[in-house]
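In case you want the letters, here they are:
Protein chains: 4
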Amino acid sequence: MEAPHRPIAVREFAVPDLPPCAALLRTSFSEVCGTDVHLWHGRLSGVPYPIIPGHVSAGVLDRVRGDIEGVDGSALKEGDRVVFFDVHRTCGRCRACTVHRTPTRCSARRVYGITDSATEGLFGGWSEFVYLEPGVGIARLPDTISFESYIGGGCGLLTAVHILERAALRPGDTVLVQGTGAVGLSAIALARLGGASTIFAIGAPQERLDLAKRMGADVTFDLDATTVPERLELLRARTHGEGAAVVIEAAGSARAIEEGVALVRDGGRYVIAGHYTDVGPSTLNAHRDINRKHLEIRGCWGSEVGHFLRAISLLERHAARVPWHEIGGRRYGLQSLNEALEDAAAMRITKALVDPWGRGT
Amino acid sequence: MEAPHRPIAVREFAVPDLPPCAALLRTSFSEVCGTDVHLWHGRLSGVPYPIIPGHVSAGVLDRVRGDIEGVDGSALKEGDRVVFFDVHRTCGRCRACTVHRTPTRCSARRVYGITDSATEGLFGGWSEFVYLEPGVGIARLPDTISFESYIGGGCGLLTAVHILERAALRPGDTVLVQGTGAVGLSAIALARLGGASTIFAIGAPQERLDLAKRMGADVTFDLDATTVPERLELLRARTHGEGAAVVIEAAGSARAIEEGVALVRDGGRYVIAGHYTDVGPSTLNAHRDINRKHLEIRGCWGSEVGHFLRAISLLERHAARVPWHEIGGRRYGLQSLNEALEDAAAMRITKALVDPWGRGT
Amino acid sequence: MEAPHRPIAVREFAVPDLPPCAALLRTSFSEVCGTDVHLWHGRLSGVPYPIIPGHVSAGVLDRVRGDIEGVDGSALKEGDRVVFFDVHRTCGRCRACTVHRTPTRCSARRVYGITDSATEGLFGGWSEFVYLEPGVGIARLPDTISFESYIGGGCGLLTAVHILERAALRPGDTVLVQGTGAVGLSAIALARLGGASTIFAIGAPQERLDLAKRMGADVTFDLDATTVPERLELLRARTHGEGAAVVIEAAGSARAIEEGVALVRDGGRYVIAGHYTDVGPSTLNAHRDINRKHLEIRGCWGSEVGHFLRAISLLERHAARVPWHEIGGRRYGLQSLNEALEDAAAMRITKALVDPWGRGT
Amino acid sequence: MEAPHRPIAVREFAVPDLPPCAALLRTSFSEVCGTDVHLWHGRLSGVPYPIIPGHVSAGVLDRVRGDIEGVDGSALKEGDRVVFFDVHRTCGRCRACTVHRTPTRCSARRVYGITDSATEGLFGGWSEFVYLEPGVGIARLPDTISFESYIGGGCGLLTAVHILERAALRPGDTVLVQGTGAVGLSAIALARLGGASTIFAIGAPQERLDLAKRMGADVTFDLDATTVPERLELLRARTHGEGAAVVIEAAGSARAIEEGVALVRDGGRYVIAGHYTDVGPSTLNAHRDINRKHLEIRGCWGSEVGHFLRAISLLERHAARVPWHEIGGRRYGLQSLNEALEDAAAMRITKALVDPWGRGT
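Chains as they are written, first to last, in the working numbering: chain C, 516 to 876; chain F, 516 to 876; chain L, 516 to 876; chain S, 516 to 876.
Calculated from the structure, these hints are not laboratory results. Wrong hints could be hidden among the right ones.
Since the list can't tell identical chains apart, any single copy or any two copies may satisfy a pair.
[What the hints assert, rightly or not] Using 20 Å as the maximum straight-line C-alpha spacing, the simulated SDA-like pairs for lysine to any residue come out as follows: (1) Lys728 / Ala835; (2) Lys728 / His833; (3) Lys728 / His840; (4) Lys592 / Pro649; (5) Lys728 / Arg604; (6) Lys728 / Arg807; (7) Lys592 / Arg541; (8) Lys592 / Glu643; (9) Lys728 / Thr713; (10) Lys592 / Leu539.
Sequences and hints are given; from them, build the entire structure.
In structure tokens:
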């Protein structure tokens, strides 16, 4: 990606030399997620274009220099099926990392596919190979997890693990998820695994709502076919007149915020996780929406390596029954990435899979 | 108080008959707080005018029928100096009371001085006597706590105990309090007792800022003499460029909300507790103010009997050093209550003490 | 139950008069649980024998006096299938109930089937009718929940809801449950619903271990066929060498405590919930077992009405897939209660169902 | 320290070469703490004797190579008064560091003065200079904090910051601290700063109890002059018959554990933090001491860099009023370290200060 709004160019890079404890990944799959669309639209600040996008990827270790231990404790060797945590540097020393225990707010944080220029090397998954620098959090992908399931979950799953942690969900809580993109779908699945009673989802189009049901939603509202008051009324009718104990915002719209505070019950929790870019202001009434409701609103930014490992545990246990692999709708070769971005931006697919060695589907 | 916007009338009531386990309090002091001004301005819905205002009060037990045990475990007898929890009924059975553990959101909640009509009896402290119905949470006032300290804290102190619980303050956290009324001043005192490092306060006029310092604030900002960007810059200069770990909103203004989200550090907590009535909408940016900040916003409504007992413990231990008695600025007899409401509405005093047996000062 | 160690006698009682807001339940099922065996063995202090045992029961409202609202918000009428929370009184005023928010430690707490003498009325489920005094927490049993599922869960399910709350389980955590009685089996089911990754169970005999698997356990250890070191080794082999994130003690043995602290991983949580009676001392090493492990040990006593309502929500959502009905092994009529107690004490059945209108199976 | 039970020898080492981002500290003070006595008695396993003890130290930067930034965000230069976090390596990658968020249980953890052999370099504070390797968490010592206050707090203060975090102290809680050594005294001070109502301390001898009062204790019990039942009775008489909301074990005795579970109130928290070495088994009754009490027991191991930074914030705000400097009783030069260890082992002093450039006092 040379610059915002410019076509994706396919470039050749030299095979990198590996310093000790580094590795080279032969990419099996990467993804096109919402962040990539934002990158393409130039909506993230400080991006050192040109970049190689693709922050969550999976593949096979092609070369390993020295002894490398995975963050899961495994000894890694060439030929292993592996995945890696896309945040490759946080300082571990600043107040955000230590006193506040919010490493996703570390100012030194660097992320594959986003913060590193292509001039620095193969730091993105839209490439046949990815350079795994020393210290990257690599983990073996258990045999029971297909690449398709892992990438179908992708960054949305990692974010959803963090969201559910912030939501402090208890078995028996009702949950409503705003948004049926990759983050919302994984949030639905994790709420189901976490013992939610009834799960509601608001989204569009119909195919995503159908997938939301297969991921675990009980009731879906078509964003385009229902009004805000209708959804509130239908929700209350199913929740003792209260609203949902937990509402998760994974929609990224300013209007969703205004609707969300009304959908959560008094004393409930509202996790806001879909606003990765600025889409403008929302209007809230502090008395009605927050103070008198005794509400908790919790922003949720990024994910930590602990969420990455927990995601793998969850996939290992549950991937056979939860259709994460269905989130990745279609495969695109390197030659088709412009088409992939256009399809993602137009929401024609939930998630585009990047298949650097193939020709796509 | 016959109706909103009408002068307060002094009326005579018959001395009530006491059913078993009820008591009659000879009122030493009650208070005029912000809620009373709201009642007078007709800004609370569902109030059964005429009412006897005065929700937090203190006095001496004049008559007791049967054996009554205080919520503090004491046996109560005539002549005891006592205080009582103003919320005299919550159902203890509904989902808010039980499943959600948010009794302040119980729909059956009734509060002295607010929810009971004067036609039902002496359910308010602006009266020579208060009827304490069976089940009211009465506690002996320890000898070391003067009536002036207790009423100076008053309902603002109970609210502040709840606020600090919601704030999850840890020793060494920086705190900023928006508002230097009765709630804000008690929040400052409790943040100081809770081990805050630097405490900032925003308020006006100067006398309240001076009192804020005596309550425990380190740095005060005059709301009228500083601008929003100036306050943010000054705060950051004192907090490693971060903002405060905990911001407490006790100002009741829609603009305070918009400023508050910027004052709290990434990953911090923002407790919104000053919006007891609707003062209109606030505009927030979900990306910048909540999601990317990984912020927690916590509404805080009312207080529970546990907060009442904890407030007494705190006063018992600390009232000698914290000038709660200074919050109650001036005493008013029953004949001067209109003047008291006007003074409170005009913010000429922080809190008016009601002295039903005296002539005021 | 006339007294400890004495045969159960069947007695006739007058049909009680109902004060306003009281009701009479026609008992469909009650249960014989571990507490009943303890009562029979005289191991609980302060029990006002003679008593009518049976603390968790279900049935149909035979008579209702006045308008009664369920704790679930429903209007109750004769003919409704209902269940009720067995703790019929907590004071709601003492420090345990209010300041500490531990109502199960309220000293005024009274429980059907345990704390009320038969001379006071029909306060137990081993009876054709149960008197539901004013204020008892009654809830409609949703049509999708069979009496057999509800009583199969019974008091063990309510306890398990509280246990899982104390355990602060997060999806992806490994869980080990000590004990495969009624409490342990429900804890397994709730850990599964709560998203545990691998669930281990220690118990006996084999039929209970088989049921444990159907409730959701992945790996079971036969208490009689494995040794303590073997179980530790097998657990570690499945948990990255760490032990379980959460260990739940539902065994009631002093030796289980000593084993349990070794089974939980460093920084994990150990919930002790099986010691309803005193079975003697356990020996722990504070350095090795607690301090250096950075362990959390949490006792868990009784359950609250909120747990009762949450249990109903969970049953409503999940009873079709979780075989709670299998816990109740055999039905006993009133004439066979001595046999039921003997079978329960000898662990020949997991739980005896009491069927007051039938002859048993 | 050549080996356990051997006299301390004074050795000369070459001045180390500094790699980039390393520094050399001219030691102003180090300390002899309980851990050092354990090291001398050979009670810690895996120690690579010979070692240079002294894990918490303070001094002046003698030489700095390259640009070093402190963990407090400051730019560090030669001549700065600094302190450093003694845990110089945790891996930041293992499950303990990431998934479990318990970095003090990282198996790669290394600590100045304990885990590094003298053959590797100047990794301990009982030395004129300390080598600060790249990555060590260094912070400027604010001018308002004397070296004596910092070292008086020392490792006990860092541990106490962690303890109070585990204790989840709320303002108004009663607190009892078992042990009046360096950890216990700092725990008392932090409980006072955290708004405890009444603070009780159990310890000996009388001078330490006197210091405990100056640190913030309200009531002290002489361990040698009172019996276990007497202390329980006296505590209950002051706490509504309940016991303390929070009990902190900083005594390191097996008997303290057995007493501690009785001293904490039902539903309270018991933090066990004094068992850094194995002093043998304790006997608990799971029914009476844990399950029925609904108790929480929380082990607390080591401290994190966030606790280190929080300790500095607390000292900066409060050192003028809390006599941390009194904990360090006497100064010892390098020639007198054997005497220092003997005095510490015999409890003749609370803490020995090591003054490597002086002759002691």
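Do the hints match the structure? See the list:
In this assembly of identical chains, Lys728 and Ala835 lie within 20 Å of each other by CA distance both inside one copy and across copies; the values are 16 Å within and 18 Å between. In the homo-oligomer, the alpha carbons of Lys728 and His833 lie at most 20 Å apart both inside one protomer (16 Å) and across protomers (17 Å), since each shortest distance falls under that limit. Taking CA atoms no more than 20 Å apart as the test, Lys728 paired with His840 passes inside one copy only; the shortest distance there is 14 Å, against 28 Å between copies. For a Cα distance limit of 20 Å, the shortest separation of Lys592 from Pro649 inside one copy, 14 Å, qualifies, whereas the shortest one across copies, 29 Å, does not.
In this homomeric assembly, Lys728 and Arg604 never come within 20 Å of each other (Cα to Cα): the closest approach is 37 Å inside a single copy and 42 Å across copies. Proximity of Lys728 to Arg807 under the C-alpha cut-off of 20 Å is found in neither arrangement, the shortest distances being 33 Å within a copy and 29 Å between copies. Taking the closest pair of Cα atoms, Lys592 and Arg541 come within 20 Å of each other only inside a single copy of the chain (13 Å); across copies the shortest separation is 45 Å, beyond that limit. For a Cα distance limit of 20 Å, the shortest separation of Lys592 from Glu643 inside one copy, 19 Å, qualifies, whereas the shortest one across copies, 46 Å, does not.
In this homomeric assembly, Lys728 and Thr713 come within 20 Å of each other (Cα to Cα) only inside a single copy, at 12 Å, whereas the closest approach across copies is 25 Å. Proximity of Lys592 and Leu539 under a CA criterion of 20 Å is satisfied intra-copy only: 11 Å inside one chain copy versus 39 Å between copies.
The structure fails to meet hints 5, 6 from the earlier list, while all remaining hints are met.
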